[in-house]
Structure formats: structure tokens, C-alpha cells
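There are 2 protein chains.
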Amino acid sequence: MPTQNRIVIIGGTACGPKATARARRLDPAAKITIIEQRENLSTATCGLPYFISGVITDESNMIARQNDYFRNVFNMEVLTHKRAVSIDRKSRKVEISDLPSGKNNTIEYDKLVIATGSAPIVPDWEGKDLDGVFTLNNLPDASAIRSYVKQLENKETVIIGAGLIGLEMAESFAKQGLKVTVVEALDWLLPKLLDFEVAAYVQKHLQESGIRLLFGQRVTGLEGSGGRVSGVITENTGIRAGLVLLSLGVKPNVSIARDAGLTIGATGGISVNQYLQTSDPNIYAGGDCVENTHLITGEKVLVPMGSTANKHGRIIGTNITGGNDTFPGVLGTAIVKIFEYNAGRTGLTESEARQYGYNVVTSLVPGPEYANYYPGGKQILVKLVAEESSGKLLGCQVVGPGEAAKRIDVMATALTSGMVVDDIANLDLSYAPPYNSAMDPLHNAANLIRNKRDKLARTVNPMELKEKLDNNEKFVLLDVRGEDEWELVRLNVPQSLLIPLPELRERLSELHTDDEIIIYCHTSVRAYQAQRILEGAGFKDVKFIEGSLSAWPYEDYLS
Amino acid sequence: MPTQNRIVIIGGTACGPKATARARRLDPAAKITIIEQRENLSTATCGLPYFISGVITDESNMIARQNDYFRNVFNMEVLTHKRAVSIDRKSRKVEISDLPSGKNNTIEYDKLVIATGSAPIVPDWEGKDLDGVFTLNNLPDASAIRSYVKQLENKETVIIGAGLIGLEMAESFAKQGLKVTVVEALDWLLPKLLDFEVAAYVQKHLQESGIRLLFGQRVTGLEGSGGRVSGVITENTGIRAGLVLLSLGVKPNVSIARDAGLTIGATGGISVNQYLQTSDPNIYAGGDCVENTHLITGEKVLVPMGSTANKHGRIIGTNITGGNDTFPGVLGTAIVKIFEYNAGRTGLTESEARQYGYNVVTSLVPGPEYANYYPGGKQILVKLVAEESSGKLLGCQVVGPGEAAKRIDVMATALTSGMVVDDIANLDLSYAPPYNSAMDPLHNAANLIRNKRDKLARTVNPMELKEKLDNNEKFVLLDVRGEDEWELVRLNVPQSLLIPLPELRERLSELHTDDEIIIYCHTSVRAYQAQRILEGAGFKDVKFIEGSLSAWPYEDYLS
Chain H
12 MPTQNRIVII GGTACGPKAT ARARRLDPAA KITIIEQREN LSTATCGLPY
62 FISGVITDES NMIARQNDYF RNVFNMEVLT HKRAVSIDRK SRKVEISDLP
112 SGKNNTIEYD KLVIATGSAP IVPDWEGKDL DGVFTLNNLP DASAIRSYVK
162 QLENKETVII GAGLIGLEMA ESFAKQGLKV TVVEALDWLL PKLLDFEVAA
212 YVQKHLQESG IRLLFGQRVT GLEGSGGRVS GVITENTGIR AGLVLLSLGV
262 KPNVSIARDA GLTIGATGGI SVNQYLQTSD PNIYAGGDCV ENTHLITGEK
312 VLVPMGSTAN KHGRIIGTNI TGGNDTFPGV LGTAIVKIFE YNAGRTGLTE
362 SEARQYGYNV VTSLVPGPEY ANYYPGGKQI LVKLVAEESS GKLLGCQVVG
412 PGEAAKRIDV MATALTSGMV VDDIANLDLS YAPPYNSAMD PLHNAANLIR
462 NKRDKLARTV NPMELKEKLD NNEKFVLLDV RGEDEWELVR LNVPQSLLIP
512 LPELRERLSE LHTDDEIIIY CHTSVRAYQA QRILEGAGFK DVKFIEGSLS
562 AWPYEDYLS
Chain A
12 MPTQNRIVII GGTACGPKAT ARARRLDPAA KITIIEQREN LSTATCGLPY
62 FISGVITDES NMIARQNDYF RNVFNMEVLT HKRAVSIDRK SRKVEISDLP
112 SGKNNTIEYD KLVIATGSAP IVPDWEGKDL DGVFTLNNLP DASAIRSYVK
162 QLENKETVII GAGLIGLEMA ESFAKQGLKV TVVEALDWLL PKLLDFEVAA
212 YVQKHLQESG IRLLFGQRVT GLEGSGGRVS GVITENTGIR AGLVLLSLGV
262 KPNVSIARDA GLTIGATGGI SVNQYLQTSD PNIYAGGDCV ENTHLITGEK
312 VLVPMGSTAN KHGRIIGTNI TGGNDTFPGV LGTAIVKIFE YNAGRTGLTE
362 SEARQYGYNV VTSLVPGPEY ANYYPGGKQI LVKLVAEESS GKLLGCQVVG
412 PGEAAKRIDV MATALTSGMV VDDIANLDLS YAPPYNSAMD PLHNAANLIR
462 NKRDKLARTV NPMELKEKLD NNEKFVLLDV RGEDEWELVR LNVPQSLLIP
512 LPELRERLSE LHTDDEIIIY CHTSVRAYQA QRILEGAGFK DVKFIEGSLS
562 AWPYEDYLS
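Going down the list, the protein sequences come from chains H and A. So for the first sequence, the numbering used here puts the first residue at 12; every next one is plus one. So for the second sequence, the numbering used here puts the first residue at 12; every next one is plus one.
So here's chain H without its partners, still in its complex pose (with noise of 0.2 Å):
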């Protein structure tokens, strides 16, 4: 009879019971012992937002399930209100401290398991401690966030950092009647997701939203009055509060692996390898405490998310019990709901690409979700990212009111298998009208790749043509669209001009053929189009504007 194995996981939120689970499933005779700081396990984290604002009412939701479901279906054991302290891997023992009453005691493994998460980055600002300042990582957290917007006067509530947690919060936030101003340091929202052009399509619907957003302000301090958070001070300026959260990323729990004298990763994360195994081949990590290796990259990256958890839990619960599992790596794939609107990434955006020093082509295309003559449909739009040279695919973000999600993770499997711009192009994808046009969007962002690469389709981004236009640039700025399209909206400059794209043909003696001429229409289709008609009519510098009005990110030029 072989010697019972001994397995010890600490941490119990999502990477931790998914090895429990499946070590035991594995090994039916194993001694399994698993070690959390706080009252349950499982406990759904990315649901606290949801949880805040009511979306979901009863608190029991939030736990997947119970201590007692572990220990009766998965005959383990489960050490709550316990914090592990150190590692001594010589006589492979973890001592424990159990938190009510402070004594320590040591636990003996043949595998070890780290799944220690991660804490919100808190900078070391003056007044960080007062009552009503928040940071938002875990069920008590959320619970103490809940009562204290019940008895909350001031309903001025500053959320700083805008990113995934602190978007969601501001909608939760809002729909509990508080007044969020949302403060970023850097240009845009979810700076670290989305490119400025696309983030800028979510910050209208932010901003429709009654959500009030400042970027570029470094934050300094916090103000209080009686103990309690009364104000968040910036560089530039100060701004009231009665709730502050600050949702400024988080960074890996390693403290107890790096005292264990396990490599710690140049991230920041503990450093693993493809079977999740840490420098100590008795010790695992998994979940947000690790670093992982991107896909596109192949370099080290920290991201934390509850799937990616998933995941390592059930390939630290095979190798632990003597199989040979492996964990590939993460694209940074992220989808967010923003009110009504839908934003996600895939891979890399633009700037990450030009900064990991690819030769750079990308595609900006606003579509319908699904056929535009079926009713109901919303709006999204594209931006795919590819390498110039070879057309391989990089990266993909997705945003608007519709559907989002699917084209995301139609990307990240696209990604995964290191397609190139031409196999999206003629993915055979699912088609009716009440969900895609006969041409996805994606199949349209892909093409439009093509022709720039094959430089058919020549164009300036919007950002470019601001410039251009705040340089006062001489050129001729060509509407395509109809007349009655103009009058309601358009970019109104001197240099502009209204030739719909029907009347092209015949009206070409308007323009000379040496002119800059940059087009654009509603959503580019016909803009492109008229390049085309230009260009074949002698035109020497034609272009026309990416996604058109539909993708224009500033308030400038408009009306």
C-alpha cells in the first residue's frame, strides 16, 4: 500500500478549491488540509461589485460552496480563520497561526500548494487609514463597503483608478444613488486595456452615465474630518468625498514563498513553471499569486483573474497527485460590463505592441452586433492589432453597447493558435441576422488589414487627423455620406466638403488631383469606397478616416 499523500494548500478562495477538488477526485486516499485567513472558502470575488450595488441581494450567493460541503463531499480538511506564517522546506512543514487566538502550530506536507492570491496596491498616502476608505478584495470588504454607503451622508464618492474593479464600482456606485467621480492618473480609462481611441467610445457613455471622470491626476493625500474620509486631494486640485476606493491593481501575495526562499519572478509574481511548479518541486502556485507567460510575448506578466485561477487549480490538483498537467499561459484576455456598455481585450493593444517593438498594422471598425435590417441592433467597435510583416494577429479589443464578449473570445482562441490576419478573414462563423451580418465585424476589421497591407486601403487614424487638424493643416476634408446625414452631424471645418459617394463619379472636377484629400462617411465602408474611386481617377494622396464619424473620440471639430 503506498504511503498517503500529504497535501497542504493555502489559500481558499478560487485556485485552492479547485485543486482540492481535483486532488481528490485523483487520489482518493490523500490526507488534503487547506488553510484559510477567512471564514469561508470560495468565495466568489469577481461577483463583490454586483454584490454591492444589490444586483445580487443575499451574501450566501457569494460562496460557491460551503466549508462543510468540502469537508463532507471532498473528506478533507478545512483550517479557517488560520494564516500560514512559513514555509520550512528542509522538514517540509507549514506553521500556522490560528488568528482568534494568536497560537501557532505546524502542519507536515508532501506537496504544497501556494494559492495566497493577491492585496490591492494601497500607495502610502496620508489619510489612507480613515474611516470610509476602501479597498474592495474580498467578501468582508465588500460587506463593510455595503453598510457603510447605508449610513452614508456625504453621497460624493471619489473611485480612484479606473480600472477593471474601480469601472465596475462606479456603476455600482451609481445605481446606489452615490455621485461617483472616477480619478485616473493616466490619459484615459482602463489605460492598461484598451487604446486611448477605444477607451474614448466607453468614456461618452461613462460620461451619459452621470459618472464624472478625471484623468491625468495624480492623486497625493486624502482629507478627513473626524476620522472619517472627507476629501481626496490631487496635483491640480481637491475634490469632496464621503467614500473613497481606491482600486489601483493589486500585487501577488509572496511574502510567505519569498521568506520560504522560492523564486520570486522579476513581475513580482512567485515563478512557476509549466506544470505550475514553484523553484521547490514539493510546492505549487497557482491563481494571483503567480506570474504567468504571455502567450504572444512569451514574457512574464502579472494577471490576476478568477479564470486564469481556475484553471491552475485543476492542473496543481493532477501534478500533486502524480500527473503531468500544463498551464500553456494567458493572453490578458478582460471583458467589463459599463452600464449598457460591453468593453474587452485580447492579447496586445497597440501601444503594449509598439513597446514590445512590433512592426505594428491595426484596423479601427465600427459595426452592427448583427444585420442592420434586423431591429435591435447596437453598435460596436473593433480594433484588431496585427504584426505588419507577417499579418500575425496580436491583439483585439471590442467595445460598445453590443455584443462584445463573442468577438473577444473568437480572438483569443484565434490568437492562441497564431493565426494571421487572412484566417479570420474566412473563419466560417455562425450566421443568421438575429445574430452577426453575413460579414462579422471581425471578418471586416481583418480585411481591412489586408488592404492596408496590400495598400488598397490608406488612412489616418482619428488621433493623426486631430493633430493635423489642431496644426491647421491645409487639406481637403471629403463627407461622402447624404445630405441629410451632414446636416446632422459632421466635422466642421473650413476645408470640408459634402460630395455623397453616388454623385462622386460625375462631381470629380470639385477636386484636384493633387489635393491631401481625407474622406470619411459614417462608419468608413463608403469612405473606403470613395478612395478607391478617386485613386482610380488619377488622385494622388487620398485617405480616408478610420471608422469614420462612428469612431471620432473627441468633441472636437463636431456638430
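Please keep in mind that the hints were generated in silico from the structure rather than gathered at the bench. The structure presented is a predicted model; accordingly, all values stated were derived computationally and were not measured. Yeah, the Cβ is synthetic: ideal placement off N, Cα and C, and Gly gets one too. Incorrect hints may appear among the rest.
Calculated Cβ distances over 12 Å to all of chain H for the following chain A residues [as the list claims (entries may be wrong)]: (1) 29; (2) 69; (3) 141; (4) 157; (5) 216; (6) 229; (7) 251; (8) 311; (9) 356; (10) 420; (11) 441; (12) 461; (13) 513; (14) 527; (15) 542.
Away from chain A, derived, C-beta distances all over 10 Å, residues of chain H [as the list claims (entries may be wrong)]: (16) 42; (17) 79; (18) 132; (19) 164; (20) 318; (21) 414; (22) 420.
If you anchor each label on the Cβ, the simulated ranges turn out as follows [as the list claims (entries may be wrong)]: (23) A:495 x H:110: 31 to 41 Å; (24) A:514 x H:293: 51 to 61 Å; (25) A:157 x H:188: 43 to 53 Å; (26) H:92 x A:520: 54 to 64 Å; (27) H:568 x A:158: 25 to 35 Å; (28) H:110 x A:566: 30 to 40 Å; (29) H:116 x A:566: 37 to 47 Å; (30) H:333 x A:400: 22 to 32 Å; (31) H:334 x A:367: 26 to 36 Å; (32) A:548 x H:333: 12 to 22 Å; (33) A:568 x H:333: 33 to 43 Å; (34) H:203 x A:514: 44 to 54 Å; (35) H:566 x A:159: 50 to 60 Å; (36) A:514 x H:272: 53 to 63 Å.
Since chain H is already given, all that's left is putting chain A on it; use the hints.
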């Protein structure tokens, strides 16, 4: 100066207009002529069921671009109400018949495109020409059906054929207050697209929506009274009908190609190479009239889809103007909205895969469309099909009230790149509670196949269990849900037994290690866990029902 390229395109629905537009963008000087036998180019034929139901109100919405738009923007000749009757390949001429006058003339080409589409299959039944007997292939068909419905006295409507169009029209007719019966010669709905147990999941919903379904009934003829249809006769019965829609699939329109001596494939579609070139290098063909290569089997198939026709059009437009683009093939991806359900598939069904001789492993996984704690989520049922020996993915079906198109499109992308089930298990799909669970049903379906291949999960499918029950086989049917769930609904057979999962380890003595034990719960998550508990305790013949109650396709044995 090069000679002007004379391009002639036969057929103006989807592939033809797309080829036109692309060709014009690439070759400003070409002489382009399109020939269409009906009134309009670029009609949205996929939207016809929604035009008939009134979801799309205006006929003008069914025409993507007016004929004058083609003339003015693409600078081309649009010949409508004209039919191409023959091709003289030697002298490169097409003979055209003017339909109103019956006069013929000829037109010369350098490159010819055949985009003649497909026509509904109409068996040689007595009564097929009666008033009130329709097929649905084009806008005039739809207008005729709309008019006929308005003056219909007998509201009983029979749809012959439970394919995509048949089911879309069932909903369309029902929404207009008609009483709808669908008659299908095969044994379940969408028989060429879904496996039985997946179709059964949709079937319940269709019946609850008031549609009468008659399977395994071969129609032999139609009855009339006063020149109008009054009934449908099958081998077994007669059905009263004031309107009959024949939706038995389509056949490619290849007569002009065949008469010209072009190669027709064994499928009946025009044979083309990867450049969509026919056996005559100056003649290209695309859309419904050609056969495609199936990306999984490599075999030639007929899969008429508007999405494919558009992709063909772009490639042909490139190649007839000197380019070199290729079409890789199709997966038979399809999706259909059936009242409040979605039903999609891509790649091969299990039955198709077996017909092609693959050794097959499948998984049947019900699950919520997104995080079950986030309110409003609806169910989907995923069936994954893979090659047992290699784990290579072969196909996927997703049905239910929840989101299906996303999962189908992810799998279409995965199938295109030749992924194996392990790749799906670790796909970095977008995750946030309003969109997904931390583990998507696709992840779970892939992991179930991995567990089956690793001999960890042992299952019976619903059909196998039904057969065992029908044969009164001796085994223990173990329900591991809670008592409250058992009270609501259960598989009510004499050999059934309830032991809630958390009590299972304590109550092992109620079971015998030598018995055959088949376990179920609500979705199979608990049943799989129970299987592993029993096996860990030395039980020798334990399986669980795939999909458990959530995927039980029968009324039988339920109470």
C-alpha cells in the same frame, strides 16, 4: 495601356454583388456587367423569415443596395429581369434572355463569374402546384407568402422539413397567429445539423411555443380544393392545411455551368479550386452554386450560406482582377433562433463523425450562460465531439435559451486551427460575471472529454440509459441531489435511490460494491464527484448520466 478587362457576373444576390464591388475597387478600368433575373441586386435573403413575420416591416430594408447605387458607385452595367441562358466558352460569350420580351442577345467576357445560387428542392408530389403551396428562396416568394397569409381563412399551416428555414418559418408563422405543424421525414429536428439528444433539448421549447412536430413522417402528396391546397398527405395520416411551405433544402443552380461543360462535383455543386476557379480558368464560381471543402474531413460538401457567399465574392473579385486569393473551406457552421432558444453547431455532429469513420469521444454538458450568482442567466447545453485517439476536435453543438453563438464561434475558430481538447480547456476566454463563469461550459465540456479519455469519468449517455430502462436491466439509479430537488422532479424507476452527495461517504453501506450504479444529479457535477467517491471506496461499476436531468431528452421516466 492594358486592354480593358471585361467582367461578366451571373447572379446578383450575395456573391455576385460582393465580387462586383471588390473587382471595381481593384480595377478602376474594368468593364463590369451583372445579370440578375429578378428586379433587385443584393437582396437580404437570410432575413426573409423575419420580413414575412413583420419583424422587419419595410421591403426596402430587404435590399442592401439599390441598383442605381451599383451603377453610380461601381460604374457598371446592371442588367435586371434578364437571365443568362448559355455560355460559349470558346468565343467567351454569354447568351442573355430578356425576360419581359423574350429576346436574346450576347455579351462578351474576359472573366466570367457564375453566382447562380440555389433553388428549393420540390419533390414531384401531386398537388405541388396548388395555390397556397410555397417555397422560400427570394423576395418575391416572401412577398407572395405575406400576401397569402393575410387572406388566409384556414389558419392551419404545415411546414414540410424541420431544417433551418423550416424552423425559422415555424416561428414566423406562429407570430402571425397561424397554427403550425412541422412534418419531418427524419426522427428529430435539424437532423442534418444536430444530434438527437441536442435536438430534443430544443424540441421541448418548440412544442411549448405551440408548434406541433411530426417526426418520421414521409409526405406523399398534397391535397387541394378549388385549386387551393387543403391538406398534406403522409404515409400514415392526413393533415389539414391552408398553407404549405416546402423547406426540404436547396439544390445548387448548375444547369448553365453543366451545359457549358464545366465540371460538376459529386455533390451536385460546381467544382472549383481554392481560387474559386472552375474547370475553365476564365470562369469563376461562388456562393450556393459551388461545392466547398470541409475543413475537418477534407471532403467536398454543399453548405449554402450567405456568409460563405460573401467571402467567395471578395475572393473572386480579387482573382478576376489579377489577384491570387484563396478560400480554405467551411465547417458547416450554422445557427438559428427558434423562439427564445438559440441552436448552433460547427464542424461534425457525432453521427456525422461516425459516418466518416472517426473513433469518437463526446461530452454533453449543461451549464449556465454566465456566473450562476449573477441574476438572469439562462441555460445552455454543449455537446463537444472529438477524436478519441488524438483528442482532435471534430465538432460542437450548443443549444438553449442562453448564449450559444459565442461558444459556436469560439469552436469554429478552434476547429479551423486544428485544436485538440486540451487547448480548449486552457483557452483564455473573457471572464466577468455578466458574461461567463470562471470556467465556461466549453472549458467544462473539454475537461469532461479529457476525464473520459483518462478513464476518470465514466458515463452513459441518455440514449444508453433509456435503452437500459426500456429493457428493464438491473442496476442502481442513484440520485445524489438534495431531497428538495428530488421532490420536484426525478427519474422515477423502481431501481432508483436518493443519497445526497454530502451524505454519500457516510452511507456507502447502503450500496453494494459489485452492483452496477448509474448516478445522476442536476447537471452531472455532483454525479461525477459521486462516481469518484464510489470508485475510491472500491466500487467496481459506477457511471454517471451525461448532462443528468438537465439534458434528459425524454418525457419517459420523469416525474
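Tested hints:
| no. | hint | verdict |
| --- | --- | --- |
| 1 | 29 | violated, 9 Å |
| 2 | 69 | violated, 9 Å |
| 3 | 141 | holds, 30 Å |
| 4 | 157 | holds, 16 Å |
| 5 | 216 | holds, 16 Å |
| 6 | 229 | holds, 28 Å |
| 7 | 251 | holds, 31 Å |
| 8 | 311 | holds, 15 Å |
| 9 | 356 | violated, 8 Å |
| 10 | 420 | violated, 5 Å |
| 11 | 441 | violated, 4 Å |
| 12 | 461 | violated, 9 Å |
| 13 | 513 | violated, 4 Å |
| 14 | 527 | holds, 20 Å |
| 15 | 542 | violated, 9 Å |
| 16 | 42 | holds, 14 Å |
| 17 | 79 | violated, 7 Å |
| 18 | 132 | holds, 20 Å |
| 19 | 164 | holds, 30 Å |
| 20 | 318 | violated, 4 Å |
| 21 | 414 | violated, 8 Å |
| 22 | 420 | violated, 5 Å |
| 23 | A:495 x H:110: 31 to 41 Å | holds, 35 Å |
| 24 | A:514 x H:293: 51 to 61 Å | violated, 35 Å |
| 25 | A:157 x H:188: 43 to 53 Å | holds, 49 Å |
| 26 | H:92 x A:520: 54 to 64 Å | violated, 35 Å |
| 27 | H:568 x A:158: 25 to 35 Å | violated, 50 Å |
| 28 | H:110 x A:566: 30 to 40 Å | violated, 54 Å |
| 29 | H:116 x A:566: 37 to 47 Å | violated, 57 Å |
| 30 | H:333 x A:400: 22 to 32 Å | holds, 24 Å |
| 31 | H:334 x A:367: 26 to 36 Å | holds, 32 Å |
| 32 | A:548 x H:333: 12 to 22 Å | holds, 20 Å |
| 33 | A:568 x H:333: 33 to 43 Å | holds, 40 Å |
| 34 | H:203 x A:514: 44 to 54 Å | holds, 48 Å |
| 35 | H:566 x A:159: 50 to 60 Å | holds, 53 Å |
| 36 | A:514 x H:272: 53 to 63 Å | violated, 44 Å |
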